[in-house]
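**Q** So the chains spell out like this:
There are 2 protein chains.
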Amino acid sequence: MKKPKVVILGGGFAGIECAKVFQKKDVEVLLIDRQNHHLFQPLLYQVASAGLAAPEIAHPIRSIFANQDNVTVLMKEVTGIDLASKEVQLGEETVDYDYIVLAMGVKTGYFGNDQWASVARGLKTLDDATAMRRDLLLAFETAESCDDPGERERLMTIGVIGGGPTGVELAGAFAELVRHVLQRDFKNIDTEKAKIYLIEAAPRLLTMYDEDLSEYTRKSLEEMGVTVLLDQPVKDLQESRIILEDQVIEAENIVWGAGVEAPALTRELGVETDRGGRIHVETDLSIPGHPEAFVAGDLAHCIDQSGVRVPGLCPSAMQMGKHAAAVILDEIEGKNSEKYPVRRQFRYFDKGSMATIGRSRAVAESMGMKFDGFLAWLMWLFIHLLFLVGFRNRLAVLMQWFYAYVRYRRGARIITGFHREMPSAVR
Amino acid sequence: MKKPKVVILGGGFAGIECAKVFQKKDVEVLLIDRQNHHLFQPLLYQVASAGLAAPEIAHPIRSIFANQDNVTVLMKEVTGIDLASKEVQLGEETVDYDYIVLAMGVKTGYFGNDQWASVARGLKTLDDATAMRRDLLLAFETAESCDDPGERERLMTIGVIGGGPTGVELAGAFAELVRHVLQRDFKNIDTEKAKIYLIEAAPRLLTMYDEDLSEYTRKSLEEMGVTVLLDQPVKDLQESRIILEDQVIEAENIVWGAGVEAPALTRELGVETDRGGRIHVETDLSIPGHPEAFVAGDLAHCIDQSGVRVPGLCPSAMQMGKHAAAVILDEIEGKNSEKYPVRRQFRYFDKGSMATIGRSRAVAESMGMKFDGFLAWLMWLFIHLLFLVGFRNRLAVLMQWFYAYVRYRRGARIITGFHREMPSAVR
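Sequences listed follow chains A and B, in order.
All residue numbers for the first sequence refer to the working numbering, where the first residue is 234 and numbers rise by one.
All residue numbers for the second sequence refer to the working numbering, where the first residue is 234 and numbers rise by one.
The shape of chain A in the complex, shown without the other chains (with noise of 0.2 Å):
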């Protein structure tokens, strides 16, 4: 009898997790993502402010299951999914399946406004974090060697747009690169001068969190001199410039930590989904009269068995990754009937969130309790150290980091690929 074939589109924490759980199963599991490696996104503004290099947050897909001989791992881009033929697409080829998880995520997405992308850069890959660490340190080379003052102080200025986690990691990983790091670098400069702009439309920062933590949130980054503007919607985004309701902000480097969307596809697939084009799903994270096809991570909009609203965060993309397997395996194995008269249902277990905004500084809040300071960082240096476990030569990364950390080094601030033009001949 062949055996059941279960796709997995997408090599995030969604989608590892739940190749992970048919481990031993008789399955025949392919998982598909468009990168070679699985990435540790959390650190990714570590990369951006040339605190780790690329390759230390990031992890071969193919070798996390070179001991899992049920996974076939296809670097491919996926450009169809049929859920009533139940097919995918890549390119000329196609792919059938028997049950398919959904987990490729969401990219960088701008309201609407897609002019803006060549503008601010989003956060989402490594590419994004290098041209962003390169363009910045560009940005102070050229400022090094500029006589205009005018032009200086605009070569000096980063505008970050969105209060959300990763615009305040951003700020504040910014504001120690250019204040701590660069200023010993450059002579003619002084990088203390620089400006670093977070910008956020509703009243506060982390709106997600207590208010009280995203007041201590703003009082940090501006002690850590960063300027801290709220109630503030960007109006408009052209080329080093920000158009604000009652100021433009001159700024070389724009980045944007405003918002996210679904990839174009899932809008093609015939299904309802939320403004952000995320899927609604069932509470066993099924897509509506699709019980062989599953949403798992940042892509799914579900609202899980207590009523809950389930965050686009790390803990939780894991968890859906592991349910979805699990209905999948239950019914494979015949045990819905009964062990579980209907499928299982998920429920989103909150460990909590939590933001860095600097060297021992941090706001995290769990099991209904919520902390600020110097504990919240040990916390999340603690949490993000087990997240690290099972990526290679975590000693070496922790090593780097907390040298970084304690002398406020940046070892990466490199500046690549930008001599030479992208080969044509890449594939």
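Among these hints, one or two may not hold up.
Since the list gives no way to pick one copy over another, a pair counts as held whenever it fits inside one copy or between any two copies.
Straight-line C-alpha distance at most 30 Å; calculated DSBU-like pairs for lysine-lysine [as the list claims (entries may be wrong)]:
id: 1; residue 1: Lys568; residue 2: Lys236
id: 2; residue 1: Lys357; residue 2: Lys420
id: 3; residue 1: Lys555; residue 2: Lys235
None of these hints come from the bench; they were simulated from the model.
Mind docking chain B on chain A? Use the hints.
**A** Below, chain B without anything else, positioned relative to chain A:
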């Protein structure tokens, strides 16, 4: 009185060592490089073969001179040098000098066959190395899902042109990557069947070494699975095709380690150069007729005081950089007439040279002695460690590297920079 102004072009081994000599001297030093980082070139092949991350072998030039107040670092492209008017052109900007040291090194050269550049990548910059790594890994990804046996073979073939140190190190590192690291990652293809060709026009590898070592190198590489072709000049290179006298090799990846040449700029200087564009210098390293202009490092064609042709190696570059600075200082400090009736002459101190073949195999020659095998490899490891002193976090690098060697892991096998095109806003 205005301080004498020394302009150093290039932040490689020669330029860095040269600038360091002026520490605390009453001199104004301007160091210009088009990259922001000094590169530890001897380990570049490790980045290309996914053993190390790019930032691990690069160091920001600015931070090397953070505490040397009289050095100004400029990240600019030199567009012209006028020896007569003592001026350097940086695009629209002009910089004058009292003394100049040309230490720009050499670039990949194709013996006049510049069309080969698009087919066979050289290895001189970090971008070269990461692109090489990407193309190599992508070829195996494509092979993994390829049904055509001939096409699969082509995808899994790597041609290395040139049997000098670069070619030998690359071929050895690729063989280990493919046979020991990737072999665990891929399930459809048998990476042990990958073919690696090392192609050399001369009758032996590493022609600058003793014949015994050449032979040891050939045997070692063949044991590691590399096909060594000697006496085989390349007739032509086309996209994925290496055309030799009596055979054509179809290889998705072709890399070039066969030659280097001086940057085009030096041909416009109106000075005497050798076939590779290297500048003939006096034994004090100055350019004939231009006592205020010096050449140091790979760009110099130098016969030293004892009649030895100085080789293009790191130690010689460092020695030449220091020597040029010393001659300049003698003159500035008025020492020439007393201490040295004529300028001091450069004498190359040959510490020996070495090349790694793979894990625990290397060849070395020093002080008239020759070494191979494990002992040579230990020497190589030790000397590169010493060199790494001054580099950030050498302990972490060593750990990763050691770990990779011992366990045949390559943590950096990450494909980046091919989905997103280079942003148009690159400055």
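**Q** Which of the numbered hints are not met once you compare them with the structure shown?
**A** none
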